[in-house]
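**Student:** Sequences and hints are given; from them, build the entire structure.
If you read the sequence shown in this note's numbering, its first letter stands for residue 12, the second for the next number, and so on.
Just so you know, the hints here were simulated from the structure itself, not pulled from any lab data.
DSSO-like cross-link-like pairs, simulated, lysine-lysine; straight-line CA separation at most 30 Å:
no., residue 1, residue 2
1, Lys85, Lys142
2, Lys101, Lys85
3, Lys76, Lys167
4, Lys101, Lys76
Remember, it's a predicted structure, so these values are computed and weren't measured experimentally.
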Amino acid sequence: MKKITLITILGIASLAACNSGGKKDQTDSLNTDTSIITDTTKNVSTTGEACFLHTDGTKNQDSTKVHLIINGNKVSGDMLWLPAEKDSRKGTLQGTQDGNTIKAVWTFMQEGMQDTIAVEFDFPGDVLKQKPLKADLKSGRQVTDTAADYTVVYKKVDCE
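**Tutor:** Written out as structure tokens, the structure reads:
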């Protein structure tokens, strides 16, 4: 009986030792991944300004210009939507930056009326990407498609 108990205890101890080693490796790789993400977000500019341009349409005749002013995690600036044959939207951006993500409210004038749209950008540095807008069928207004990827790509340009 003592031999069976001793063998059982040794078997359980061996299994426990094997399992704890595997968990340690998983934890170490998770910690490594987290430090990579942290290091990446530290590279984002904390102050300064940048300007971007996106062109659209069959002949790139429509353009959107974004001027960002970043001070810590506060973001302000201007956004101009300039379609060739439609009424433009010209206004200001006010928001915050968390890592590479900028969430802002675009307050603009169109056809003499003031309106707002919440916008979301990915800003890793030399390029600006925006989540596209979609029509809200209930309100008839445009809203950011929060489920979409950042598919509207802006090129960095000199600020005027």
